[in-house]
Amino acid sequence: MQFDTFLQTLVNGLFIGGVYGLVSIGLTLIYGVMLILNFAHGEFMMLGMYVAFWAFTLGGLDPYVSVVIAAALIFLLGAAIQRGLIQRVLTAHPLNQIVLLLGVSTLLIGLVQFFWTADPRAIHVPYETEVIQVGFLRLSIPRMVAFFASLVTSVALYVFLQYTKTGKAIRAVSQNRDAALLMGIDVKYIYMLTFGLGAAVTAAAGVFLTPTFRILPTIGQSFSVTAFVVVVLGTMGNFIGAFVGGLIIGVVEVFAGYYLGGDVKIIASMTVFILVLLFRPAGLFGRKRA
Amino acid sequence: MSAVKNSASGPKPARGPLGRLWHAIWADWDLMQLAISVLLVVAIGFAPLVIRSPYYLGILILAVLYGYVGISWNIVAGFAGQLLIAHIIFIALGAYTTVVLYTRFNIMPWIGIPASGVVAAGLGLVIALITLRYGLKADYFALFTIALMVALKTLFLKWEFVGAAVGMGLRLNEPSWEKMIFSTKEPYLYIGLALLLAGILVQFWIYRSKLGKYFLALREDEAAAAALGVNTSLYKTLALLIGSAMGGIGGGYYMMYVTFVEPPQVFDLGLNVELVLAAPIIGGLGSLLGPVLGALINKPLAELIRGTLTAGRSGTTLIVYGAFLVASILFMPRGITGLIQDGYLRLKRRLVPEREEEVRRDIA
Amino acid sequence: MTLLEVQGIVKQFGGLTAVNDFSLSLDRGDIVGLIGPNGAGKTTAFNVIAGFYRPNSGRVRFGGRDITGLRPDQICKLGLARTFQVVRPFGALSVLENVMIGAYARTNDKATAKAKAEEALEALGMTGLAERAARDLPIAGRKRLEIARALATEPQLLLLDETMAGLRSAETDEVIEMVRKLSQRGIAILLVEHVMKVVMSLAQRIVVLHHGEKIAEGQPSEIVRDRQVIDAYLGEVESDAAR
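Residue numbers (our numbering), protein chains in the order written: chain R, 1 to 290; chain U, 1 to 364; chain P, 1 to 243.
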């Protein structure tokens, strides 16, 4: 592979990887705090995309504006689902938790399909095909903006978790639930908040992708699987690991797509996934399991 | 639980063999579930006498299939407690094996379907060995099975030998028993019922045997089981082998009925929910009656809702199954069978009151 | 022949040495008590002997055979059974079925397993509870179930891990009697205990662990007078016994 092609592919991979990173941050946040694998994660992304679509179609809002609405709405939805449904199975057998989330996922996809059909939707913004030329690199504007938007959102979330009182409370719960309880932190409220946040950032990531992706009720599913790969790769519960893992998987996928063809590029992330599960289940940032 | 000894306070009336059977069934919840399952199978066997419409018969056929596949998952996830989420891979592999054997090697499904069971069991064995060798626990095992499903889908999408993205179908020109291709629904129903009956009996036999008890011990507490002499790796592998073999056979039958298969259709989590998970969860995971009852209630109900309430609008079945699963987990953790069992126990306590005394004495 | 020979086992977790150069031997018919303060390494030693942990060094020999590194189920089949400190009943199964799991270690036949299980239940005075769901038992019943299950595996050596913890005085006396009867059947007993009454009345020999090391071994009367033991451990316990 020639150097300029290599660099181009690398940049493309990083761009999509940033968005994967944001999606996975949401998932890893939920896991870190509640120790639950959100099998419905991709559906929050999908819903964010639909909100952006309707905001655009009905109100003419650019996705990078309507992302705020989408994030807020999905935040509320996520919090409600957590409080109403997931809270009840937090201490149940993992099988019950997984099945419940699969049920929620199926339900959400079904509802979207019911009300808005399975026809693919798309947002066509005026700048969707615009490209910046930097030397020999062609940087797609929407993809680049998606990357930076994801990066900014991730940093904002990081700052929130590190420096605000609520953020610290969330981190406290993820480190030691009982100690946090004893310190007077309302753990149930934190759970609700965390799940809402995780869902919201995922929705935001979806919105960032809308200028370049077709929107389908089932689009969340492959992102879910990719997010799991990233989260495991970046160590479950590790914020920075999720973003770094996202970049890695983004790059791996784009290179795989170059060599193997776009429809099977997911085999690359699946291979990475299986290798990580077998040989380094603790992920890049964790200790190897005893 | 095993048979209860009746502490009758007076001499028992003489009973003929039928009376003894009746009494034995009522005394033993396991036998009760078996009896109900068999009765349901027999009842459905008579269905074609009253139901003529191919549409309704088709629903029954699928319900029967879901019951059988549900049993195969129940053994792995319900009895042995293994978090095998993407069980659909065995059904998918079974379907493909059957159609490939038939289309490319001219092997009749009567041989092809059992062969599918063997191939699926082969995959099950590989999964078991990998899981044990690398110590994949709970969540990781669940994710592994899902990753495998996606990987297999991609593989099959590109593999020309199995039809790649186009898929493979059966030529339906000359129906015959030899080819297991029929022009009417009834034969499919009877083959399905035979399969379901076999599944019910195998499930019951396993449940009552040392194998089944070891599975349950594994589920309840793996460390305690090991301390009592249970080779946990061996039994986890056995559970997976049985579940995958049965799943593969179910997949083969599925292929003969739907007559066409392509990767995104069968390597699909949505199909997994409908075909594998829904029936046992709603019916009662870990019980004997659960998968059968769950399937026979689920499928027709879902179809009814889709047909009448929403005029067949897309997404309806997903909403129904999703809602069923959520409601089941939250409100009926032991499923419909659990509710029936509670009723059964209440009834029994009222009919045999002297046991109450014995029970109270033990607690004191 | 020495039934159990523990030779210099060392078990470390990361930087922590839980058990250091621990040795012990036990013959048929012995009842040996293993005592020590919390965190002394008693349960860790048990876990090593029963195959749940692999020692960093040292060996365990049972019936003349090296069992170091064998799986717990293999060790059980060789005749070494154990109970757990925090009881682990198979909740969804009946009491009888719980014990049958143990009995199945010796037979594949259901009727035989049932008979053996019923025998074990009888030995523990639990015959009337056979059909009860294990999860419905109170703590005393669960502790007995734990022993009955292990008994059904027909062990030559039974490791009892803090069986008496949480029991009332009368219940403790009953269990002491049962353990004595088990010993009379020829089963060697190694018990970890905090309740001194139990250890003093049952054990022929006591081994004392402190910070993972054996600091004393001998007859109960000697141990109670041992200076090191009193300093490390019995000081606390005397106030227990005074209650």
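Keep in mind that the hints were calculated from the coordinates and are not lab data. Worth double-checking, as some hints may not be accurate.
One-sided excerpt, in silico: chain U residues whose CB lies under 10 Å from chain R [claimed, not checked]:
1) Asp139
2) Leu148
3) Thr154
Just so you have them, the derived chain U footprint on chain P, three or more residues with Cβ under 8 Å [as the list claims (entries may be wrong)]:
4) 33-40
5) 72-78
In this text the structure is predicted, and so the values were computed from the model without any measurement. Where is the CB? At the ideal position from N, CA and C, for every residue including glycine.
A quick look at each hint next to the structure:
1. Asp139: Given a least distance of 6 Å, the restraint on aspartate 139/U holds.
2. Leu148: Holds, because the Cβ-Cβ distance from leucine 148/U to chain R comes to roughly 8 Å (cut-off 10 Å).
3. Thr154: holds, 4 Å
4. 33-40: That given contact is violated, which follows from only 0 residues of the stretch 33-40 of chain P lying within Cβ reach (below 8 Å) of chain U.
5. 72-78: holds (count 5)
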